[in-house]
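As you go down the protein sequences, you meet chains A and B in turn.
All residue numbers for the first sequence refer to my numbering, where the first residue is 3 and numbers rise by one.
All residue numbers for the second sequence refer to my numbering, where the first residue is 2 and numbers rise by one.
Keep in mind the hints are simulated off the structure, nothing from the lab.
These figures come from a predicted structure and were not determined experimentally.
For each residue, glycine too, the CB sits at the ideal point set by N, CA and C.
Please note: incorrect hints may appear among the correct ones.
If you want a taste of the chain A side facing chain B, the calculated C-beta under 8 Å gives, among others [claimed, not checked]: (1) 104; (2) 105; (3) 106; (4) 233; (5) 269; (6) 273.
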Amino acid sequence: MLAVQILVDGFAISALYGLGAVGFTLMFGVSGVLNLSHGATMVVAAVTAWVVAGQHAGSPWLAALAGTGAGVATAFATYFLVVRPIQRSRSVPAAEKEIFVLTGTLLWGIMIQEAVAYFYTDNPKTVQPLIAGVMQIGGVRTPINELLIAVICWTVIGLLWLLVNRTKAGKVLLAASINPRALTILGFELSRVYLLVWTIYGVLAGIAGVLLATFLGASSAQASQLTASAFSIVVLGGLGSVTGSLFAAYVVGYLETLTAYLISPAYRTVPALVLVVLVVYFRPHGLLGRR
Amino acid sequence: MWIALVLLAVLLTLPLWASAYILGVLTVACYFGVFAMSWDLLFGFANEVNFGPTFLIGTGAYTAGLLNAHGVPMWVCLIAGAAGALVGGVVLAVPALRLTGPYFGLTTLVAVLLLQQFIIIFAGTTGGEIGLTMNDILSMDATTNYWYALTFMAVSGAILLTLSRSPVGLILQASGQDRIGAAALGFNVVKHKLAAFCVSAVFSGLAGAMLVFYLGTASVGTVVDVAVGVQVIIAAVLGGRRTIVGAAIGAIFLILAGELLRPLGQLSTFVVSAVALVVILFFVDGLMGLLGRRREES
Chain A
3 MLAVQILVDG
13 FAISALYGLG
23 AVGFTLMFGV
33 SGVLNLSHGA
43 TMVVAAVTAW
53 VVAGQHAGSP
63 WLAALAGTGA
73 GVATAFATYF
83 LVVRPIQRSR
93 SVPAAEKEIF
103 VLTGTLLWGI
113 MIQEAVAYFY
123 TDNPKTVQPL
133 IAGVMQIGGV
143 RTPINELLIA
153 VICWTVIGLL
163 WLLVNRTKAG
173 KVLLAASINP
183 RALTILGFEL
193 SRVYLLVWTI
203 YGVLAGIAGV
213 LLATFLGASS
223 AQASQLTASA
233 FSIVVLGGLG
243 SVTGSLFAAY
253 VVGYLETLTA
263 YLISPAYRTV
273 PALVLVVLVV
283 YFRPHGLLGR
293 R
Chain B
2 MWIALVLLAV
12 LLTLPLWASA
22 YILGVLTVAC
32 YFGVFAMSWD
42 LLFGFANEVN
52 FGPTFLIGTG
62 AYTAGLLNAH
72 GVPMWVCLIA
82 GAAGALVGGV
92 VLAVPALRLT
102 GPYFGLTTLV
112 AVLLLQQFII
122 IFAGTTGGEI
132 GLTMNDILSM
142 DATTNYWYAL
152 TFMAVSGAIL
162 LTLSRSPVGL
172 ILQASGQDRI
182 GAAALGFNVV
192 KHKLAAFCVS
202 AVFSGLAGAM
212 LVFYLGTASV
222 GTVVDVAVGV
232 QVIIAAVLGG
242 RRTIVGAAIG
252 AIFLILAGEL
262 LRPLGQLSTF
272 VVSAVALVVI
282 LFFVDGLMGL
292 LGRRREES
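The shape of chain B in the complex, shown without the other chains (with noise of 0.2 Å):
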């Protein structure tokens, strides 16, 4: 808990003396951060793991950035993002809880493919691959993106992280890890999953929407191509699952770390994959393990 509160002091204090480039990585960082951390309540505690979760964070994106396309002022396109995102989580959490294991992760992967396939297919309504250009943006000024996102970023771990330490997070722990047990003990385990999948939905469709309003645009390739759910599953368990936490520390560190090794070209999607895979293999709770925090466990 400390970490979070020292690093949030960190990122509180940027502003001051860093470059607007910082900034402005750390503007994407935050919003990725809020996408790994939507991902780690879902399969740190519900115990489901998402393939896709750019089919959420796509559909946040893209309803936001359509909606935009036909004048609706952007406050409202964001909340209509969310929505969307929202219907998103519910059509995913149908087959998912009836699904286990290896079939629920196809599902998920599946459900990205499809949305891709779709906006590519109606090039002509969603721009397809080269993208959506936004009408409004959130701000010019790098200082104020960068505090649209921190605070967001801020606000929603905050909200999550008592989700995930409540009652409500322990009987989704307890779902995730028994389903027979926690369904003998009397809770509702559809409900508490589909909860979960709404809670996660909504947030990342919300940061999805938020982020293709910072950039300017919305393209298959920034919030719905598997490579970025891949990245974002990356840096939730790299920061350590279950810990919610984590995943926002994970993200930050990801998005530097993509930054720092640019030079070295194409081979640092290489290098960051490799680090993944140490951390799989050799640093199994991953950095906030490293750091000596266990992972909720009851």
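So here's chain A without its partners, still in its complex pose (with noise of 0.2 Å):
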């Protein structure tokens, strides 16, 4: 019984995990970008969802189209106020400007974090789950929502493939991630590539906080915890790879869940970061990373 509740629980953990992650590995791999406000963007959702759920006594559903909204708008938001900028400008050496950019996320997402913190607290919110009820699988009694989460992730997940492999804008993506100088002697316009790709980020950053609000509850405090989680992930299963990202959540979130079952929930999150450890000190390009 024991088992089949890990297996469970596990399985949604690390499909939520897994869906924060190939956002962020995605925005690396296509533009470079390592968006250290991931975490914020995904609590903004949250919070967004909570606020139409509850204070505007909006329906679930209508919260969590919200709240991915709020997620894309965030996106944007970062763009076009943080990363372009400091990518167009003179001033900054060229060396340098990856390091500019972390940074000015980090500020930024510090920024978002700290008015969610303002304007609402920053005790946990949580969204109704979206559809309510339980169902028995194994002899387990499992929440209908927790089910529905690997669902809706997977679906989304599989979207992406299909958007980065079956279609012109996501073979533009890859070719992007892959070499964009070539891509603009193509004749391709690299800025729209960009603004897809935070697009997509936005959805899937968006979507995973709405989630997250449904399953665990959400707080500002926790926007660090939440990237760096996704960076431990991502890190583990390789920077850029998207198969790799999906991989290293799932080992994550087994881990966690196993470590959180079997011996306790306070040592949760010791065994993934002893993995990273281990893996960038003998493997650091990932398990399935190629940058």
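Each of the two chains sits in its own frame; use the hints to bring them together as a complex.
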């Protein structure tokens, strides 16, 4: 019974981690940006959903939509207010642009986190599950919401795969992640590619944030932890590799669940961190990384 | 250079007319200045973005704290703290010398998280999130503490500044900006970067140890938390990268601003981060750049 419980819980949380990590790694793979305000973006989506659901008495689905929209809005704000000005700045030497973008997104993330805490406090916010009720799986009572989360995450990831591999826009994205310069020579506008990737990122982070609110609750205090988790998963899987991130998300998700159930919830994050350290020492480019 | 001397002169005269409260704030600012200067040596020169300066600071602080809890005299603890941080620096340097860019930054971030978890999990020995109470403190008197801190910052600053302007500093800059080129010229890049880590670690650790002896407690929130590390980075970048002096100025500015903005309550962090962001976007060379000083560039 415990085994089934671990299996199911682990699957749901891994799917959630996976969605967040995929957005993060896609952003890095295509535009080279490590968005350290990732956690904050997710929190904004979660809190928006909570606001719409609670204070405006909207249905959970409307709240979810609003949350996702907020995620996209935050992503755009990050791009246009922080990342793009630094990338286009003439006073920052080219070799240091990456570092400045990193620091800039870090600061921006902190600003968002504090703003959310100021207006809505840093108490954890939860949103009603999208579908209420429980279900029996192998003798274990599981909230339907957990299964829904796994289904939604994988559907979104599947849609992303379709987008990248079957549509022209997706193929351009893929090309941009491999060789942006060649893409411009071929006549494609990189700025539109970046716009697309930030939109996709916003949607992914937004959905992940809303789902997090329905599952575990989200608070502005968690923003840096969420970013750090996504970061660790992506390093484990290999920066820039979507498959790697998914795989790593499951490894981390199951490690955490196993630790929480079998040892203690307090030590939940330790095995994953140790694993990240080991990977960085012995295989720095991650399990499936290519850059 | 003259800016540093002017600032030092002002700071030296403070005990004559400033209140104990101001001296207290500036004492912390001085230790923070050393954190920032050590970070700048590593980043500004060796070009290694260390997202976890608090790994080194925390290791130094807790080594000193834990030893002190077992009755070891304060001065020995301070040296042990620096040594502990040195070991931490070497541990951090080993992957760094094999990784570049974002991978290294990640490692440093993970190192801090691991240290934090480690301290929280072994709360029985380390005091966890509540913190460790020190058996000794530097001094009860605000002025004496201030002198300790100021002297420490001035001496550390002088050493770091001299190092940065020495041939060693130039080699570090070269290794940071063009690793292959520097190696081709015959410089041992690995050795120099390792040396940079060690120097940064020793100063950070020692400052961390002194800070906890000043505060009287060592806790995760003051010396290990990622948020503190971020403040160190902001201080250095705000002051001006690659200047060493700028880092100290940035640190003092940041701590003072934090205090001045205290009435704003929660929004103070927001405002400070916003200002730092604006600086990064528009005043890339930081406060030193504003004051007309070009950053060290070869």
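Checked hints:
About 7 Å separates the beta-carbon of residue 104(A) from the nearest beta-carbon of chain B, less than 8 Å, and the hint is met. This hint holds: residue 105(A) has a C-beta 6 Å from the nearest C-beta of chain B, less than the 8 Å allowed. Satisfaction of the interface hint for residue 106(A) is found here, the shortest Cβ-Cβ separation to chain B being roughly 5 Å, below the 8 Å cut-off. Restraint check, residue 233(A) versus chain B: the minimum CB separation of about 6 Å is within 8 Å; hint holds.
Residue-level restraint check for residue 269(A) holds (minimum Cβ-Cβ distance to chain B is 6 Å; threshold 8 Å). Because the smallest distance between the Cβ of residue 273(A) and any Cβ of chain B comes to about 11 Å, over 8 Å, the interface hint for this residue is violated.
Checked against the numbered hints above, the structure breaks only hint 6 and satisfies the rest.
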